[in-house]
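Chain by chain, the residues:
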Amino acid sequence: MLSPAQKPTLSLPVTIAEKQQQLLDELNLFQDWTERYQYVIDLGKKLAPMPEDLQTPDRLIKGCQSQVWLDSSFADGKVNYAADSDSLITKGMIALFVRVLDGQTPDDILQADMSFIDQTGLKEHLAPTRANALTLMAGQMKQHAIAFAGK
Amino acid sequence: MLSPAQKPTLSLPVTIAEKQQQLLDELNLFQDWTERYQYVIDLGKKLAPMPEDLQTPDRLIKGCQSQVWLDSSFADGKVNYAADSDSLITKGMIALFVRVLDGQTPDDILQADMSFIDQTGLKEHLAPTRANALTLMAGQMKQHAIAFAGK
Amino acid sequence: MPFDPHSIRDQFPILASEVNGQPLVYLDNAATVQKPRVVLETSLAYYEETNANIHRGTHHLSQKATAAHEAARDRIAHHLNAASPDEIIFTSGTTDGINLVANILTGSISAEDEILISALEHHSNIVPWQMLAQRTGATLRVIPVLEDGTLDFGAFQDLLSPKTKLLAITQVSNAFGTPVPVKDYISAAHAVGSLVLVDAAQSVAHKVIDVQDLDADFLVFSGHKIYAPTGIGILYGKTSSLENLPPWRGGGEMIKEVTYESSTYNELPFRYEAGTPNIEGGIALAKAMDWLSDLGLPSVAAHEQLLIETAAASLADVEGLRFYGPSHRQGSLSFNIAGIHHYDLGTLIDQMGVAVRTGHHCCQPLMNRLGTTGTVRASFAAYNTMEEVEKLVNAVKKAAMMLA
Amino acid sequence: MPFDPHSIRDQFPILASEVNGQPLVYLDNAATVQKPRVVLETSLAYYEETNANIHRGTHHLSQKATAAHEAARDRIAHHLNAASPDEIIFTSGTTDGINLVANILTGSISAEDEILISALEHHSNIVPWQMLAQRTGATLRVIPVLEDGTLDFGAFQDLLSPKTKLLAITQVSNAFGTPVPVKDYISAAHAVGSLVLVDAAQSVAHKVIDVQDLDADFLVFSGHKIYAPTGIGILYGKTSSLENLPPWRGGGEMIKEVTYESSTYNELPFRYEAGTPNIEGGIALAKAMDWLSDLGLPSVAAHEQLLIETAAASLADVEGLRFYGPSHRQGSLSFNIAGIHHYDLGTLIDQMGVAVRTGHHCCQPLMNRLGTTGTVRASFAAYNTMEEVEKLVNAVKKAAMMLA
Ligand SMILES: Cc1ncc(COP(=O)(O)O)c(C=O)c1O
Ligand SMILES: Cc1ncc(COP(=O)(O)O)c(C=O)c1O
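Residue numbers (the numbering used here), protein chains in the order written: chain A, 1 to 151; chain B, 152 to 302; chain C, 303 to 706; chain D, 707 to 1110.
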């Protein structure tokens, strides 16, 4: 299996749009769903687990069968996200979002076009309930950004 | 339409079986269901109406959509039946039974084979609920005969 | 161009069958209507391509079945102009929907309250309210019917009071075809703070229903009376009227969390859909409503109207014949001939291949009120033709002669 | 000769379909089972030849439909060995049947009484009893489950007392496939004067049920779990247990006479069948039961048993895999892999074309008790093959590797 690390990157992506494009490029290297899923799962595994004491009900986004916790902090005008899930696939999906939005300004996050996820081709392989959870997730991350925007 | 009266009868029927045979002979003269139905309806019309004050709940046999009243009396060792219905077709059907059983002894009535009604071909043109009512009717007439049998 | 019933008859295989050697003339549509091929094929295709249990399933078929089921809900919401698909609850039929509402209202009714129904109601819109009255001690009151089979609106207004907690009223009488201007009844009932349930069992196949325009709190009907299968029905419930009411049936789907000590209930519409629903029935119902709407419900209704008026005009000269209901009727034409039992009339015309219904049409109190034990009712659907009306008329005349 | 599933697969068109480019392997049969062509054709033929509303109709089609519907009741009574067809009540499913019984028992239960259920019950056999307990003030008690997913019969005996008014118990657990020896439970419950309702939703397709031998008071199941459509189910009610209970739903069919003041109710089974029933559903259900009985239910069950045992043996060496339920299981095989979420496992094996169910299987309290939020459940039907078991096993192993 070709791991994304092996792909030569010419310049480091900085903006949300650039990061989205990088993700899409990486995913496009994979032909079949197994590899794509494996890529997402591996992203999930790599995402730093959220400390158990942060996994509180107010940080919980309840999905159909799995649970997602989302936390954020604000420093130097940038938003930092932390997320976790009891489902590895869900966690991998969140990792996609975190990778794209983490370390950006509230304004950029609020203006970000999150429909890139439709171009990943992952959604076709997702149960609609999971796809819904993704939309919910993106919404929640923007909600957090709104809270910081005024500061 | 050929009316049963036009049929030449050689000897008057006396026993239940003879009367049943006579009825079957008469019905066999008719080719189509319209004539048979008309015959039954006409029998119904000819059956003496039961006085209204005899149409009491204890004489009522409740069918699905029509009501039947049955009464009987006992004289000279013979049972006499009176019957009525708000439905003319039902009344005609009862008239068939009355014609066959009226004026017979309780013993003969109890022993009578009432399956002749199946040979009339009428049942095929009857709603099952009506056919059930017929069976009920025959049963009731025998019940009455039982009450007189001991006397 | 007027609607041509001949253009759709071959979609109904059963219409080509024979009864007693005569071609079937099916005029018992108010009892249940025949189903077009496209509806039957929808059920079949569901089982050949999609069937799985819905909700909570992760796998492909389950997702597909869930999507089809929820799409059906959306279509039905659209046809009724509901404000949201969440207001569409799948039931097993009109009777089930009325019982559901009557049960969940138990805690909202007290002994001083009144429940109002009309004299035109079907047993299914009487008995559940009698049972509710018995449970709560409330009083059941009845809007009287006039000699012409219409309701007495003035008497209705007099019956209304702040005690009135619910009005249950039919949009079209199944016994006589009387159309009821339910919108007027609804606004008057709302003015005294009453909820209103509309029984649309007999109207849904004959007129476009707009629940927002009517402003009904609850509206119920059965699939089998609108070209869909039996075993499926709809309860429309306005969100604001339904959201604070308790659940009825308990079970899978209608709960969020269950512990032995207690359960928390799901949102609308799922709170009222316990257990596995009639999945393909709901999908077939949406298809039937699509089909009827594509045919053009108003022009179908105009066609049916013409059949009823022609039948009424042609039967008018039968001696002793009396029609029930007002001169403007919807769906059904109900009559009796003096001195002839409706059962006898029905039996003979059935022999001639014409299927009509006889009896009390599940409206015993109404029949009592009009001094009869029943009537003969011919009822019409999109596929009925002028030639069939002629056969009905001839059959009635011949039967009347035989029974005279 | 053992039963050969290949001989019947072409009767199920859906089994030839593909999911994500892979041939479908349908192992979610405990949720709902696929329907053989003969059952689908029975529904279709009903609409092409017979359809009419039943009972009370004079005309030919109505009589024909009534006869078909009542013949279906007779067949079903025969398959369950009921003492009389009057003990067979058509419902819309298991959940509907349980709610019916829980509601009509309201007046027979008082605040000091106890209702007993088991820890293996489906939400549909928990929530209605919770609601009954709330209505009456009675106490709900739960027969505990042992670590191996079987019930604790000793604890059950200790729970029984003259206060026990009803025991509601499943014949096979839908979550784990645990078979429950209900006959022993029934006789013990009867000994203290309690009624017993058996939930046969998961047993009816896998074993011959003899209600007289079991001596159950009530037994319920859904058509859609025994090769028939959704929207139809059966409540068996022993005449002596049912005859003095009040009605539930009010409406057409269930009454004898209606006046505005009061109604008299019809005999069994009609008293509990208000409104137009799912006519073709009942007929299709009888056909499905005929079909299964003609196949030979015991040999079908033996075949399913072999599939479960083979699957269990082949999965046993997957690292961290834990099975739920006892080693002898009926219909379903439930498991988890340590450190892997059941939802992830289910999602991946669905991608490989294998449809299984994941989650709590409508048994949240049971999952809580065993310390999990859910399991992966593969469940089997007559048409499943050894090759499909192999695909399941391979899919689970591949998914486990991906998620490890
Ligand atoms: C044991 C058990 N009981 C009850 C039910 C509920 O059946 P239905 O949803 O058909 O009403 C099910 C179905 O999932 C079940 O498995
Ligand atoms: C006006 C009306 N209400 C209620 C019903 C009962 O409908 P269902 O038997 O489908 O529950 C009918 C059907 O006969 C009806 O005509």
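No lab work stands behind these hints, which were simulated from the structure alone.
There may be inaccurate statements among the hints.
[Unchecked claim] Label-pair distances were calculated between CB atoms; the ranges are:
| # | chain 1 | residue 1 | chain 2 | residue 2 | range |
| --- | --- | --- | --- | --- | --- |
| 1 | D | Asn-726 | A | Asp-76 | 40 to 48 Å |
| 2 | D | Glu-776 | C | Val-510 | 52 to 60 Å |
| 3 | C | Asn-322 | B | Leu-175 | 16 to 24 Å |
[Claimed, not checked] With a Cα cut of at most 16 Å, we get these calculated EDC-like pairs of lysine to aspartate or glutamate:
| # | chain 1 | residue 1 | chain 2 | residue 2 |
| --- | --- | --- | --- | --- |
| 4 | D | Lys-944 | D | Asp-792 |
| 5 | A | Lys-142 | A | Asp-71 |
| 6 | C | Lys-700 | B | Asp-183 |
| 7 | C | Lys-366 | C | Glu-350 |
| 8 | C | Lys-465 | C | Glu-414 |
| 9 | A | Lys-46 | A | Asp-86 |
| 10 | B | Lys-213 | D | Glu-963 |
| 11 | C | Lys-366 | A | Glu-124 |
| 12 | B | Lys-213 | D | Glu-973 |
| 13 | A | Lys-62 | C | Glu-414 |
| 14 | A | Lys-142 | A | Asp-113 |
| 15 | A | Lys-142 | A | Asp-102 |
| 16 | C | Lys-366 | D | Glu-973 |
| 17 | C | Lys-700 | B | Glu-186 |
| 18 | C | Lys-540 | C | Glu-559 |
| 19 | B | Lys-293 | B | Asp-237 |
| 20 | B | Lys-196 | B | Glu-169 |
| 21 | D | Lys-1104 | D | Glu-1015 |
| 22 | A | Lys-123 | A | Glu-18 |
| 23 | A | Lys-151 | A | Asp-108 |
| 24 | D | Lys-1104 | A | Asp-102 |
| 25 | B | Lys-229 | B | Asp-258 |
| 26 | C | Lys-509 | C | Glu-414 |
| 27 | D | Lys-770 | B | Asp-264 |
| 28 | A | Lys-62 | C | Glu-569 |
| 29 | A | Lys-78 | A | Asp-108 |
| 30 | D | Lys-770 | C | Asp-515 |
| 31 | D | Lys-913 | D | Glu-973 |
| 32 | D | Lys-1104 | A | Asp-71 |
| 33 | B | Lys-293 | B | Asp-222 |
| 34 | B | Lys-196 | B | Glu-186 |
| 35 | D | Lys-889 | D | Asp-854 |
| 36 | C | Lys-485 | C | Asp-515 |
[Stated by the list, open to error] According to the in silico footprint, chain D covers these stretches of chain A (three or more CB under 8 Å from chain D):
| # | segment |
| --- | --- |
| 37 | 52-58 |
| 38 | 137-147 |
Heads up, the beta-carbon is just placed ideally off N, CA and C, and yes, glycines get one too.
Exercise. Given the proposed pairing of A/Lys-142 with A/Asp-113, does the C-alpha separation stay at or below 16 Å?
Worked result: 11 Å, holds
For this session: Below or equal to 16 Å on CA atoms is what counts here, so check C/Lys-485 against C/Asp-515.
Result: At roughly 8 Å apart (the allowed maximum being 16 Å), C/Asp-515 and C/Lys-485 satisfy the hint.
For this session: Mind checking the alpha carbons of B/Lys-196 and B/Glu-169 for me, to see if they're no more than 16 Å apart?
Result: 23 Å, violated
Problem set entry | Restraint check for B/Lys-293 with B/Asp-237, where alpha carbons must lie at most 16 Å apart | 22 Å, violated
Exercise. If you draw a straight line from the CA of A/Lys-123 to the CA of A/Glu-18, is it 16 Å or shorter?
Worked result: 21 Å, violated
Problem set entry | Outcome for the supplied range 40 to 48 Å, where the beta carbon pair is D/Asn-726 and A/Asp-76 | 45 Å, holds
Problem set entry | Beta-carbon spacing of C/Asn-322 to B/Leu-175 - inside the hinted bounds 16 to 24 Å or not | Hint holds: Cβ distance 22 Å, inside 16 to 24 Å.
Problem set entry | Hint consistency between A/Lys-62 and C/Glu-414 [alpha-carbon to alpha-carbon, up to 16 Å] | 45 Å, violated
Exercise. Do the alpha carbons of B/Lys-229 and B/Asp-258 lie within 16 Å of each other, as the hint requires?
Worked result: 10 Å, holds
Exercise. Within a Cα-Cα threshold of 16 Å, do C/Lys-366 and A/Glu-124 meet the stated pairing?
Worked result: 12 Å, holds
Exercise. Does C/Glu-559 lie within 16 Å of C/Lys-540 when you go C-alpha to C-alpha?
Worked result: Roughly 25 Å between the alpha carbons, so the hint for C/Lys-540 and C/Glu-559 is violated.
Problem set entry | Pairwise hint evaluation, C/Asp-515 against D/Lys-770, where the allowed Cα distance is 16 Å at most | With Cα atoms ~41 Å apart, D/Lys-770 and C/Asp-515 exceed 16 Å; violated.
Checked against the numbered hints given earlier, this structure breaks hints 2, 13, 16, 18, 19, 20, 21, 22, 24, 26, 27, 30, 31, 32, 35, 37 and 38; the rest are met.
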